[in-house]
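*Asks:* Now for the letters of each chain:
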Amino acid sequence: MADIGKVRIRVPSTIKPGDVVRVRTLVIHPMERIERDAQGKIVQKKYRYIDRVVATYLGKTVAAFDTTQSVAENPSFAFTFRATDPGVLKVVFHDTHGSTWEGTADIRFS
Amino acid sequence: MNHGRSISRRRLLGGLGVLGVAGAAGGLTLGRPARAGAQQQAAALGAQESVQDALRRLFGSRPMKDGAGSVTLDVPLIAENGAVVPVGVEVASPMTAANHVRHVYIVADKNRIPVITRATLFPESGRAFVSANVRLGETGDVRAIVEQSDGTLLQVKREVKVTVGGCGG
Amino acid sequence: MRAWPVAALLGLAAGCAGGGLPQATQPPPAWTSRAVPEARGDFRVRADGKREAIRYKGWTGRDFGAFRTYAYDDARPEVPVTRAAMPAGVAGDPKKGRALFLSRAKGPCSGCHLIPGDDVWPAGSVGPDLSTLGDRRLPDAYLYQQIFDPRVVLPNTAMPPWGAAKIFTPEEIVHLVAFLQTLRGPAPPEKDPERNPFTRPKPPGFGDNLDPTNNPGVLVAEEAEALWSARGPAGRSCADCHEGGPARSMRGVATRYPKHVAAYRRMMSVEDFLAAHGPETTGRPLPSESAENLAMTVLVKMASNGLPVAVDLTSPPARAALARGKASFHRRVGERNHACADCHTPDKGAGKFLGGRLLGDVTDGLTRHFPTWRTSQGALWDMRKRFQWCMTPLGANMLAADAVEYAELELYLTSFDNGKPLSVPGIRH
Numbered sequence: 046m047a048d049i050g051k052v053r054i055r056v057p058s059t060i061k062p063g064d065v066v067r068v069r070t071l072v073i074h075p076m077e078r079i080e081r082d083a084q085g086k087i088v089q090k091k092y093r094y095i096d097r098v099v100a101t102y103l104g105k106t107v108a109a110f111d112t113t114q115s116v117a118e119n120p121s122f123a124f125t126f127r128a129t130d131p132g133v134l135k136v137v138f139h140d141t142h143g144s145t146w147e148g149t150a151d152i153r154f155s
Numbered sequence: 002m003n004h005g006r007s008i009s010r011r012r013l014l015g016g017l018g019v020l021g022v023a024g025a026a027g028g029l030t031l032g033r034p035a036r037a038g039a040q041q042q043a044a045a046l047g048a049q050e051s052v053q054d055a056l057r058r059l060f061g062s063r064p065m066k067d068g069a070g071s072v073t074l075d076v077p078l079i080a081e082n083g084a085v086v087p088v089g090v091e092v093a094s095p096m097t098a099a100n101h102v103r104h105v106y107i108v109a110d111k112n113r114i115p116v117i118t119r120a121t122l123f124p125e126s127g128r129a130f131v132s133a134n135v136r137l138g139e140t141g142d143v144r145a146i147v148e149q150s151d152g153t154l155l156q157v158k159r160e161v162k163v164t165v166g167g168c169g170g
Numbered sequence: 077m078r079a080w081p082v083a084a085l086l087g088l089a090a091g092c093a094g095g096g097l098p099q100a101t102q103p104p105p106a107w108t109s110r111a112v113p114e115a116r117g118d119f120r121v122r123a124d125g126k127r128e129a130i131r132y133k134g135w136t137g138r139d140f141g142a143f144r145t146y147a148y149d150d151a152r153p154e155v156p157v158t159r160a161a162m163p164a165g166v167a168g169d170p171k172k173g174r175a176l177f178l179s180r181a182k183g184p185c186s187g188c189h190l191i192p193g194d195d196v197w198p199a200g201s202v203g204p205d206l207s208t209l210g211d212r213r214l215p216d217a218y219l220y221q222q223i224f225d226p227r228v229v230l231p232n233t234a235m236p237p238w239g240a241a242k243i244f245t246p247e248e249i250v251h252l253v254a255f256l257q258t259l260r261g262p263a264p265p266e267k268d269p270e271r272n273p274f275t276r277p278k279p280p281g282f283g284d285n286l287d288p289t290n291n292p293g294v295l296v297a298e299e300a301e302a303l304w305s306a307r308g309p310a311g312r313s314c315a316d317c318h319e320g321g322p323a324r325s326m327r328g329v330a331t332r333y334p335k336h337v338a339a340y341r342r343m344m345s346v347e348d349f350l351a352a353h354g355p356e357t358t359g360r361p362l363p364s365e366s367a368e369n370l371a372m373t374v375l376v377k378m379a380s381n382g383l384p385v386a387v388d389l390t391s392p393p394a395r396a397a398l399a400r401g402k403a404s405f406h407r408r409v410g411e412r413n414h415a416c417a418d419c420h421t422p423d424k425g426a427g428k429f430l431g432g433r434l435l436g437d438v439t440d441g442l443t444r445h446f447p448t449w450r451t452s453q454g455a456l457w458d459m460r461k462r463f464q465w466c467m468t469p470l471g472a473n474m475l476a477a478d479a480v481e482y483a484e485l486e487l488y489l490t491s492f493d494n495g496k497p498l499s500v501p502g503i504r505h
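Residue numbers (my numbering), protein chains in the order written: chain V, 46 to 155; chain P, 2 to 170; chain E, 77 to 505.
Rather than coming from a laboratory, the hints here were simulated on the basis of the structure.
Predicted model, so just to flag it, every value in this text is computed and none were measured.
From the three backbone atoms N, C-alpha and C, an ideal C-beta is built for every residue, glycine too.
Careful, some of the hints might be misleading.
Said to hold, decoys possible - Derived lysine-lysine pairs resembling DSS-like cross-links, with alpha carbons at most 25 Å apart:
{"no.": "1", "chain 1": "P", "residue 1": "111", "chain 2": "E", "residue 2": "267"}
{"no.": "2", "chain 1": "P", "residue 1": "111", "chain 2": "V", "residue 2": "90"}
{"no.": "3", "chain 1": "E", "residue 1": "171", "chain 2": "E", "residue 2": "182"}
{"no.": "4", "chain 1": "P", "residue 1": "111", "chain 2": "V", "residue 2": "91"}
{"no.": "5", "chain 1": "P", "residue 1": "158", "chain 2": "E", "residue 2": "278"}
{"no.": "6", "chain 1": "E", "residue 1": "267", "chain 2": "P", "residue 2": "158"}
{"no.": "7", "chain 1": "E", "residue 1": "133", "chain 2": "V", "residue 2": "86"}
{"no.": "8", "chain 1": "E", "residue 1": "133", "chain 2": "V", "residue 2": "90"}
{"no.": "9", "chain 1": "V", "residue 1": "91", "chain 2": "E", "residue 2": "133"}
{"no.": "10", "chain 1": "E", "residue 1": "278", "chain 2": "P", "residue 2": "162"}
{"no.": "11", "chain 1": "E", "residue 1": "182", "chain 2": "P", "residue 2": "162"}
{"no.": "12", "chain 1": "P", "residue 1": "162", "chain 2": "E", "residue 2": "267"}
{"no.": "13", "chain 1": "E", "residue 1": "428", "chain 2": "P", "residue 2": "162"}
As the list claims (entries may be wrong) - Just a sample of chain E residues kept apart from chain V, beta carbon distances all over 10 Å, derived:
{"no.": "14", "residue": "184"}
{"no.": "15", "residue": "217"}
{"no.": "16", "residue": "226"}
{"no.": "17", "residue": "405"}
Please take these sequences and the hints and turn them into a complete structure.
*Replies:* Printed below as a string of structure tokens:
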């Protein structure tokens with residue numbers, strides 16, 4: 046119901062240098078499933094689903110997911126990274142139709 | 002809370018530099034894979050097949066050890082529906098350059114597309130933890146298969162019952 | 077304009093003469109639905125002359141017109157209580173009976189009753205465990221009557237009159253009886269605590285409903301924020317009259333709904349009110365069950381998150397509506413002849429499993445997380461769609477989403493949420 050490609054990222058409000066930080070993300074996406082016609086045959090079409098998620102921190106990849114149509118609609122993913130310096134955490138979502146969306150979180154220490 | 006934005010594919014590809022078509026159907030490299038190669042990888046990853054075929058395709062005849070000592074698979078005993086089932090995997094690992102978890106595979110035996118996701122981790126991940134919301138076609142085993150940096154494979158699995166009932170499902 | 081029943085007119089006269097409250101006997105005025113076409117409970121006539129229901133995508137188009145509904149002007153009785161004798165000349169087949177017992181096209185009987193078998197998943201606990209029923213050596217005729225129409229033996233039972241409503245044929249019931257008589261003890265040892273609904277763990281739920289990285293429903297409200305500030309066809313926006321943004325201007329508002337709105341002379345939820353208020357102010361249609369109405373309802377309700385529900389239950393119109401809503405809650409409807417109370421009160425089904433679903437208890441308060449994101453649907457549902465959804469397994473035709481009957485039933489349900497904090501949108505199965 047919400048627009049495709051909307052991204053949300055959540056990180057803890059308090060991060061200390063050296064913490065291993067848990068990140069949770071959600072992206073609005075239909076993650077199209079295989080369709081079958083009335084005879085049970087698979088409908089041949091270019092199914093639209095997210096097939097790759099890449100999380101980077103200070104420009105280095107900290108987690109990546111290769112994903113399939115067995116991942117849920119509006120998928121949520123979680124992973125961790127070690128927070129060494131203030132900087133940007135970025136998560137990029139790619140889908141099979143060539144669309145790309147990203148979300149960022151500013152990592153600051155408190 | 003942080004919000005996202007859409008970026009054009011062209012812009013992203015330009016940023017990643019020259020891409021070639023990835024050759025091997027084997028594993029991912031540790032760096033950023035070519036986009037076209039990643040698509041090929043993901044398409045191969047998400048094939049409709051039996052779980053036995055999927056495991057053979059991904060791991061050949063490599064031995065798989067019981068991960069019970071170090072791998073925790075967090076899945077509900079009963080999923081209220083197959084549309085959204087949270088799955089978490091945690092592995093006891095020092096996550097050093099010499100010794101870390103390279104991949105975590107989540108597999109559902111009874112799904113038409115049994116391979117759900119392959120997560121790739123790095124020493125910078127800090128801990129070997131991933132979670133994802135998955136689809137389950139029906140009651141069946143969910144597996145976590147962990148590939149260590151030295152190539153060792155560990156597996157744990159648990160049955161998740163998908164339930165029905167109530168006011169029309 | 078609907079004609080008022082004679083009883084209501086007499087009541088009105090008595091009220092004027094100083095007797096009881098006229099409103100208590102006065103049915104609410106008729107309401108023309110402002111819902112989207114698939115949410116009105118309408119019918120069309122097919123080419124072959126059969127009536128087909130206009131419903132949401134994927135919902136059955138079957139016409140349950142033979143059975144009682146929630147409509148206030150539906151004065152038809154319940155399915156009549158029927159005594160029945162076993163038909164002669166039918167040899168009961170236990171194998172057929174077991175298949176019928178488990179058939180999801182029928183009950184399934186296992187939705188309420190546990191029987192042995194690794195393939196029995198998921199049985200419910202609303203009714204007694206039948207695993208050793210055969211040991212009781214009950215006469216076939218007694219079991220037959222119990223299934224055909226249990227009300228003959230137990231007048232207040234929640235069990236449907238399977239034969240009287242013609243859900244099972246007499247022959248099918250004979251097979252069921254034959255099967256049940258084979259269920260002799262000792263029951264096999266239970267290998268699986270989840271299989272047995274009496275030992276099955278309660279579902280853990282779907283986590284933090286207000287976390288946007290967990291509940292996609294939270295993101296839907298953001299769409300409504302744009303709508304709030306956008307000018308409608310009449311040249312005005314919500315923001316023009318409601319200053320300070322939705323979070324500030326709407327704070328506390330949703331805690332008082334459903335409420336009697338004098339301008340429309342009826343009980344209304346936030347959804348009902350928006351469907352009337354939107355076109356009259358901004359000119360923007362916000363039909364019930366439209367994406368815009370749902371998003372705007374979530375936006376308005378989120379402004380009251382954390383605040384206690386505080387619906388009026390004491391003014392004369394509220395009391396009258398509450399009485400009618402409570403009567404609806406206990407009203408038996410449909411082919412299954414069920415009342416809400418059969419599943420959702422502690423002395424009937426609440427807290428037990430219906431198939432794999434734990435039944436909610438109305439006394440806990442069941443409305444304060446609506447509209448809720450439904451993971452099985454990938455969409456936000458409001459309370460009315462939830463009511464309408466129940467109608468299909470009940471075998472009753474649904475009313476329009478914005479029907480007064482549903483609004484007054486919702487008031488009764490919400491009375492149990494009073495004092496408890498709103499938390500919208502929820503996230504559920």
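*Asks:* Now tell me if each hint is right for this structure.
*Replies:* Going down the list of hints, with the structure as the test:
1. P:111 - E:267: OK: residue 111 (chain P) and residue 267 (chain E) at ~22 Å, within 25 Å.
2. P:111 - V:90: 23 Å, holds
3. E:171 - E:182: Measuring from Cα to Cα gives roughly 16 Å; hence the hint holds.
4. P:111 - V:91: Within the cut-off at roughly 23 Å; holds.
5. P:158 - E:278: At roughly 22 Å apart (the allowed maximum being 25 Å), residue 278 (chain E) and residue 158 (chain P) satisfy the hint.
6. E:267 - P:158: 19 Å, holds
7. E:133 - V:86: Judged against 25 Å, a Cα distance of about 22 Å means the pair holds.
8. E:133 - V:90: 22 Å, holds
9. V:91 - E:133: With a Cα-Cα distance of about 23 Å, the restraint between residue 91 (chain V) and residue 133 (chain E) holds, given a limit of 25 Å.
10. E:278 - P:162: It holds: about 13 Å lies between the C-alpha atoms, which stays within 25 Å.
11. E:182 - P:162: Measuring from Cα to Cα gives roughly 23 Å; hence the hint holds.
12. P:162 - E:267: 15 Å, holds
13. E:428 - P:162: The given pair, whose Cα atoms are some 18 Å apart, holds under the 25 Å limit.
14. 184: 25 Å, holds
15. 217: Nearest chain V Cβ is 45 Å from residue 217 (chain E), so the label holds.
16. 226: Correct as stated: the minimum Cβ-Cβ distance to chain V is 40 Å, above 10 Å.
17. 405: With a cut-off of 10 Å, residue 405 (chain E) remains clear of chain V, as the shortest Cβ separation is near 30 Å.
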